[in-house]
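Chains as they are written, first to last, in our numbering: chain G, 1 to 410; chain H, 1 to 470.
Errors might be hidden in some of the hints.
In silico SDA-like links for lysine to any residue, alpha-carbon gap of 20 Å or less [said to hold, decoys possible]:
{"id": "1", "chain 1": "G", "residue 1": "K215", "chain 2": "H", "residue 2": "D101"}
{"id": "2", "chain 1": "H", "residue 1": "K156", "chain 2": "G", "residue 2": "R189"}
{"id": "3", "chain 1": "H", "residue 1": "K123", "chain 2": "G", "residue 2": "E222"}
{"id": "4", "chain 1": "H", "residue 1": "K156", "chain 2": "G", "residue 2": "Q106"}
{"id": "5", "chain 1": "G", "residue 1": "K215", "chain 2": "H", "residue 2": "F284"}
Estimated spans, in silico, between C-beta atoms of each pair [as the list claims (entries may be wrong)]:
{"id": "6", "chain 1": "H", "residue 1": "D312", "chain 2": "G", "residue 2": "D280", "range": "38 to 48 Å"}
{"id": "7", "chain 1": "G", "residue 1": "R369", "chain 2": "H", "residue 2": "R126", "range": "20 to 30 Å"}
{"id": "8", "chain 1": "G", "residue 1": "A31", "chain 2": "H", "residue 2": "A301", "range": "44 to 54 Å"}
{"id": "9", "chain 1": "H", "residue 1": "G386", "chain 2": "G", "residue 2": "N82", "range": "38 to 48 Å"}
Covered stretches of chain H (in silico footprint by chain G; criterion: 3 or more residues with CB under 8 Å from a CB of chain G, positions within the stretch not fixed) [what the hints assert, rightly or not]:
{"id": "10", "region": "142–150"}
{"id": "11", "region": "157–163"}
{"id": "12", "region": "174–188"}
{"id": "13", "region": "374–382"}
{"id": "14", "region": "412–418"}
No wet-lab data here; the hints were simulated from the structure. On a predicted model such as this, the values are computed, not experimentally measured, just so you know. Ideal placement from N, C-alpha and C gives every residue a C-beta, glycine not left out.
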Amino acid sequence: MTRRDGARVASRAEQALFGDDVPVAAPRDTAALAETLRDAVAQGVRIRPAGLGAHPADSDPVETPRVVSVAAFDRIVAHSPNDFTVGVEAGVPLATLRAELARHGQEVPADLPATGTIGGWVARGAVSPRQGRHGPLASLVLGVEGVRTSGETFRSGGMVVKNVAGYALHKFLVGSRGTSAVLTRVNLRLRQLPETRTLGFLRGAATELDEAAEKLATSGLEPVLFRLEGAAAATLPDERGPGSAVAFLFEGNRTRVAWQIEQAHSVLPNPGAVIRATDDDAAAWLDRLVAFGEPPENPRADVGVFRLSVPAAETLRAAHGAATAIEAREGLAHVAADPMTGLITIRQEDERRLDQSLAALRNVATRHRGFVRAISVPPGAHAALGRVATAGHELRERVRRVFDPGSVLS
Amino acid sequence: MSLPDPFRELARRFPADRFLTDRTELFVYECDGLPVHRQPPAAVVLCETRDEVVACVKWCAANEVPFVPRGAGTGLSGGATPVRGCLLLDLNRMRAIRKIDARSRYAVVEPGLINVRLTEAAKPHRLMYAPDPSSQTACTLGGNIAENSGGPHCLKYGVTIDHVLGLEVVLPDGEVVRLGGPIADHPDHDLVQLFVGAEGTFGVVTEITLRLTPDPPEVRTFLAIFDSMAKACRTVTEITRSGIVPVALEILDRRTIEAVEASVNRAGYPTNAAAVLLVELDGFAAGMDEEERAIVAMARANDPIELRSARDPAERVALWKGRKGAFGAMGRVDTDLYVLDGVVPRTALEETLEKVYEIADRYRVKVSNVFHAGDGNLHPNISYDGRDADVTARVLAAGEEMLRACVAAGGSISGEHGIGLEKRDFMPLLFGEGDLALMTGIRDAIDPEGIANPGKGFPDRRAKRRKARA
Ligand SMILES: Cc1cc2nc3c(=O)[nH]c(=O)nc-3n(C[C@H](O)[C@H](O)[C@H](O)COP(=O)(O)OP(=O)(O)OC[C@H]3O[C@@H](n4cnc5c(N)ncnc54)[C@H](O)[C@@H]3O)c2cc1C
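Given these sequences and hints, build the entire structure.
The following block contains the structure:
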């Protein structure tokens, strides 16, 4: 039910996320979006931009009097297959983009979660299991368009793969969580879908697995590599459920993948790894691993998702430190650690004291010269988390306020 | 030369051989690699430490004196050109490599380190620093950060911004901030991404954490020589479309070939060559034969005059000889060389090049093209005699029109050399007033007094306002 001004009743999913009474504005075009933002400024209300409303929790409180949905910005505007670039409106569902690109044998070389929109994904600065191979999300973003709270539109970057004109606001805004401006369009760099993908994995005792993971990480090969603990290991296709495992995935040209698998065998202990050489197995595993690091489907579930980032050499030590810190508080930690990038996803279930876990994880991060953030916690836990002042916070805030002087976006 | 009083006070803090004020000593700092703009600074400090940079910047803030950071001065857009009355901070002496962590694949360096020195230092660990501007034996990493530089091998590995993990910056008020670090995640908005490519307008970078990349175990290089540019461009489009990502895809046009062949760096190209396409693959040897066969087939389908390939380092050097010697060779065509830096979608290469030649003919200027074809990054190079005012005016007008043609094709006015002084007035070709106001608003938020490399990167509204007031 949409009224003429674009305001409508919140959908069931949005109600679950934002509360039953939250007004949702769903402007149909940039002019209407600008008006909505100007109105909010005039009325002094705070605004939360949302795509499909799939991931708004993302570690921040959801006390928002008004949600502005960009779901109506839903067109793929400029796909140029031969240039390997695409321009997409911010409300395009990730699944739609993925399907459209796959028809041309192309992909955004990052693992897109099943839910959410392209704008939400960029605003969240989501990490990808294949980040070690293809670079972080910011390296794939060629340009953005958006609207500031003043109602003014802006653009940065463009559609070409190399461009140094102007400040790289499009890269700066990756991970801004909708707190600077409402993104309306994102331009992305594409790649050919890999000719083939092969998944290998190994289960066993923790110390052996650590050794195997480290050997692969320093082998000179180019795996997507994870040391998995607890529910993270249940992402593997052997149906053995949770446990301890190392998983590695090679992708690209067939000969090169086959050669890398052979090399991997030679560095791994005997008995060797289980190999699943079908693309479907590998792709499905990546999807499950992404889902493992995403906020839970039910945003009110008692689940915390945290991301720890440390120098790659520290990955396994930090991952153990994190698991121990959480288990010491009687929570159960499920961990997916990438020794190529130092990115560690920690999922904690059935635990009411997520604030204490975060404090413990902050200690682990400090010990390993890293950084931790809450990706998602149940609504009630937000207040207790607090915010840590990170380096450059004041400077970042100074720049953010140029976009949104009244701090209308929350 | 007599110095304004406050400068004398600053001069006392440095040994005389590191605080330059003599006209003859200042001469080399008057411009960077774009000699069209020249201006001597009031003084130059050869900084050796971060604390010295802080002291200078604080002094500039207190005395409302603009400062301009400078690396090797190889920039091609006037980024390091002094502004009137400025203090120029020469950072060449800050060139330590503080750390190489081979397992985590990163290095921590000072900004004055010359680009190629980092790769040399990483080599024993079988690592390299991937971005390799053609000027890499001279340019500094601080300059690379400020310009977000590219290089022939950035097609596969990405440009500077894709390799910067952390920065230490002395902000325009003298405060020191550390941004990012050797980790992959960052807290919300990523200031590192904003500071790379800021052309020194946000302050002085005093330490850089850079990602290192594994040295490729195998490299293969080949040349396809064509009798027309169209054939070379078509081959590039086909390679791009195939999804194979070579590490380099470079093109030299007929006039560049002629200049190379007339120089000491003769590469032995056939006399009827109109375009030389250089393709390099790197990575694991496994699977490379197939890629090589596919690329050779694509080149053959476009009817080359000749194909050459290299399998060992010596042969590779021979194939790169023409490309590497191209700028030097063109420099000998006339007294001055204006290097342009437009970008177009890769599918628009051929038509844009035709426009570039047409524009050059119309303005009666000598243009040659040597460019990063795989990224759509064109470098029309105009050779001219800068002592002739009429020729110079025609060169600049032709350059502007060439950049307009790039924008019309859906591209940009700079792929890697930056905006600087050269292209600041062309920014409205790409951005609306609101976009520019947002960007300059950010600049004002970081540098409220407007003393960090002022007048670079954006149309100089403050100067316009000052002029209007006067
Ligand atoms: C023959 C030749 C070939 C070239 N090839 C390429 C190429 O392939 N790709 C490419 O991208 N460029 C190329 N360039 C351009 C140039 O080399 C690059 O822009 C390079 O990054 C400049 O580095 P520099 O140390 O000379 O910087 P400078 O020219 O000294 O300065 C460039 C800019 O950086 C700023 N700056 C310098 N150091 C700092 C610092 N520590 N903190 C803040 N700001 C700073 C300056 O203020 C200025 O705005 C080439 C130039 C030449 C002459």
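Hints, verified against the model:
Distance restraint check for G/K215 and H/D101: the Cα-Cα separation of roughly 17 Å lies within the 20 Å cut-off, and the hinted pair is therefore satisfied. With a CA separation close to 13 Å, the supplied pair H/K156 and G/R189 stays within the 20 Å bound. Between H/K123 and G/E222, the direct Cα distance comes to roughly 19 Å. Compliance with the 20 Å bound is thereby established for this hinted pair. The suggested pairing of H/K156 with G/Q106 holds, with an alpha-carbon distance near 17 Å, which does not exceed 20 Å.
Note on G/K215 and H/F284: the hinted pairing holds, with a Cα-Cα distance of about 18 Å set against a maximum of 20 Å. For the pair H/D312 and G/D280, the supplied restraint of 38 to 48 Å holds, since their beta-carbon distance comes to about 42 Å. Judged by the Cβ atoms, the range 20 to 30 Å given for G/R369 and H/R126 holds: they are separated by roughly 24 Å. Between G/A31 and H/A301 the Cβ separation comes to about 49 Å, which falls inside the hinted range of 44 to 54 Å.
In this structure the supplied range 38 to 48 Å holds for H/G386 paired with G/N82, their Cβ-Cβ distance being about 40 Å. With a threshold of 8 Å between beta carbons, the proposed coverage of the region 142–150 of chain H by chain G holds, since 3 of its residues qualify and at least three are required. As drawn, the region 157–163 of chain H meets chain G at 4 residues by the rule of a beta-carbon pair under 8 Å; at three or more, the given contact holds. Beta-carbon proximity to chain G at under 8 Å applies to 11 residues in the region 174–188 of chain H; the threshold of 3 is reached and the given coverage holds.
Given a C-beta distance limit of less than 8 Å, the hint that chain G covers the region 374–382 of chain H holds, as 3 residues qualify and 3 suffice. Under the rule that three or more residues need a Cβ within less than 8 Å of chain G, the assignment of the region 412–418 of chain H holds, with 7 such residues.
Comparing the model with each earlier hint shows no violations; every hint is respected.
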